[in-house]
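Start counting the sequence shown at 153; every next residue gets the next number (this note's numbering).
You may find that some hints are simply not true.
Claimed, not checked - Pairs of lysine-lysine, PhoX-like flavour, derived with a Cα cap of 20 Å:
#	residue 1	residue 2
1	K293	K264
2	K293	K234
3	K224	K253
4	K286	K224
5	K293	K253
6	K264	K206
7	K253	K198
8	K293	K331
9	K303	K264
10	K286	K313
11	K224	K180
These are computed hints drawn from the structure, not numbers from a lab.
Keep in mind it's a predicted model, so treat the numbers as computed, not measured.
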Amino acid sequence: MKFLQIGSLILAATSALAQSGCVSEMEKVAACISNSNENQKEPNSKESATEFCKLFENEACKIFPDDSVSIKECDLNNPDEKTIAQTITALKVGYLTYCVKDSAGNFCPLTKYIFDNIDKKIDDKTTYDEASKKIFIEDCKVSECNSRMTKYIPVIEEFNKLSGSNTTNEFAPLLDYYKNNKCDDIMNIKEDAATSAGKSSTDIKDDDKKSGASTVKVTLGLSLISFLAAFFAF
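With the hints as constraints, model all of the structure from the sequences given.
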């Protein structure tokens, strides 16, 4: 969705709906994107993703780093409010995907990986091998990046529900490792078909107790990134 279209959506929704909590949240987003370039492109390349992240550097956009914009007040049975919720959530996913940095101003290790692979085809996947594990371990150990992942996973799931997408939440099995700061344990993960069969991280842990080994298959696929780019493109 082009940024000018988002702006039009805000105006239409505000006119069509009585002032509500959902519209109030969208007005926060309106203040944020009002300074965006009218030629702002969808974040589907290194260049456009970099430009996209510049959006969040202005004061009005601190609602995203501060996590102070919400869709809780949106009535998802109302088409206009559901569209507002989709827009807010997509912008959240975009911010968490491309823009989170550590306290020194450096991109999180996982963010750097995403940037380095952003131009790959939709169905390209990188196997969760030792090199990939090291990216996650390093990412997990950085406070800001750890916090990002614990927000990222539920936001992706929220995004999927709102959009009706079947996009795989490829990072979900890692949530417990990040939340419990068991970063080095990520190295013990072994490839298996468990995750692709739809098992949750809890199910996998139960299986691990029985087998004595961690068997999770996780890929650093780019399906989510491609879907996110498609949202901004229409």
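The hints, checked one at a time:
1. K293 to K264: 15 Å, holds
2. K293 to K234: Not satisfied, since the Cα-Cα distance of roughly 36 Å exceeds 20 Å.
3. K224 to K253: Violated. K224 to K253 sits at ~27 Å, over the 20 Å cutoff.
4. K286 to K224: 36 Å, violated
5. K293 to K253: Roughly 13 Å between the alpha carbons, so the hint for K293 and K253 holds.
6. K264 to K206: 16 Å, holds
7. K253 to K198: Holds - the C-alpha atoms of K198 and K253 are around 16 Å apart, at most 20 Å.
8. K293 to K331: 11 Å, holds
9. K303 to K264: 18 Å, holds
10. K286 to K313: Given that 20 Å is the threshold and the Cα spacing comes to 31 Å, the pair is violated.
11. K224 to K180: 14 Å, holds
This entry does not satisfy hints 2, 3, 4, 10, going by the numbered hints stated previously.
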